[in-house]
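**Student:** All chains, full assembly: derive it from the sequences and hints.
In order, the protein sequences belong to chains A and B.
Using my numbering, the final residue of the first sequence is 107, and nothing's skipped along the way.
Using my numbering, the final residue of the second sequence is 1107, and nothing's skipped along the way.
It is worth saying that the hints were derived from the structure and are not from the lab.
Keep in mind it's a predicted model, so treat the numbers as computed, not measured.
All C-beta atoms, glycine included, are put in the ideal place defined by N, C-alpha and C.
Please note that a few of the clues may not be correct.
[As the list claims (entries may be wrong)] Per label pair, the in silico range of CB-to-CB distance:
1. B/Ile-1081 <-> A/Pro-6: 48 to 56 Å
2. B/Pro-1010 <-> A/Arg-5: 43 to 51 Å
3. B/Pro-1027 <-> A/His-60: 19 to 27 Å
4. A/Lys-63 <-> B/Val-1028: 23 to 31 Å
5. A/Asp-13 <-> B/Arg-1086: 24 to 32 Å
6. B/Arg-1012 <-> A/Leu-101: 17 to 25 Å
7. B/Asp-1013 <-> A/Gly-77: 40 to 48 Å
8. B/Arg-1005 <-> A/Gln-35: 42 to 50 Å
9. B/Glu-1042 <-> A/Pro-27: 30 to 38 Å
Number of protein chains: 2
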Amino acid sequence: MTSGRPLPHPARDDLELTQVLFALSDPVRLDLVRQLASGPQEMADCLAVEPPLPKSTKSHTMKVLREAGVIRNEPRGRNRIVSLRREDLDSAFPGLLDAVLDGEGTA
Amino acid sequence: MTSGRPLPHPARDDLELTQVLFALSDPVRLDLVRQLASGPQEMADCLAVEPPLPKSTKSHTMKVLREAGVIRNEPRGRNRIVSLRREDLDSAFPGLLDAVLDGEGTA
DNA sequence: GTCATGGTTCGATTCTAGTTGAACGATCGT
DNA sequence: ACGATCGTTCAACTAGAATCGAACCATGAC
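**Tutor:** Here it is, written out as structure tokens:
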């Protein structure tokens, strides 16, 4: 029941605004999205804080963002590459991502 | 413990992005915000659907949006006027509201 | 093949948010 | 002053989301 690896991602046309907004409404997830704004990252490097988040929690964080269509999570050898779905988001909700990424200081 | 009427609203500088995003991440609340985009409304007219929402539920919906700083809720005689805090939002998170209001068909 | 590594899934618990009736408050009309 | 109307607050319940350990799985290294 676990799985192999290629995880399901919603199609660009299936993105729902409320889901995206919800995914972004958590400080930790928003933070991650901002980190990804500068480019894809290996998942291992992603939420590297002290103390380190448990794997399952981290995985769950990714899941929420992935299922909302905010990030892409692809297998790469033994680890994973996480990236922002910038074009898809821009096409579905023009201006939204930029606006969110701009709100710098604000949590 | 109930109250009179002028309800507390967060100051423009205290708006938090995550709270705003969360407030907007619910279909009913988002819908209300879109209705308000065309101008203030009397609360009584606001979420007029069938079957009608119980008063307490409606009031709670308003509360979430108000506490996030998305709407203003002011006494007006025996009822209330609800309005979008457009300028405050635009100043705090430029482009955000427009982007959200644009996502028309998408729930 | 075997082992170490990185990540997902399951399941239990905890915490937070939504829902709604009932009680209360303020205001307006008479 | 009284009653009706409109909305908030309280409190109890339900539903949903976050947290995290344990089990599991693929891949890569040896």
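**Student:** A separate judgement is required for each hint: does it hold in the structure or not?
**Tutor:** Comparing the hints with the structure gives:
1. B/Ile-1081 <-> A/Pro-6: 48 to 56 Å: 52 Å, holds
2. B/Pro-1010 <-> A/Arg-5: 43 to 51 Å: For B/Pro-1010 and A/Arg-5 the Cβ distance comes to about 44 Å; the hint holds.
3. B/Pro-1027 <-> A/His-60: 19 to 27 Å: 23 Å, holds
4. A/Lys-63 <-> B/Val-1028: 23 to 31 Å: At 25 Å between Cβs, range holds.
5. A/Asp-13 <-> B/Arg-1086: 24 to 32 Å: With Cβ atoms ~30 Å apart, the hint holds.
6. B/Arg-1012 <-> A/Leu-101: 17 to 25 Å: Holds, at about 21 Å.
7. B/Asp-1013 <-> A/Gly-77: 40 to 48 Å: Given about 47 Å between the Cβ atoms, the range holds.
8. B/Arg-1005 <-> A/Gln-35: 42 to 50 Å: 44 Å, holds
9. B/Glu-1042 <-> A/Pro-27: 30 to 38 Å: 35 Å, holds
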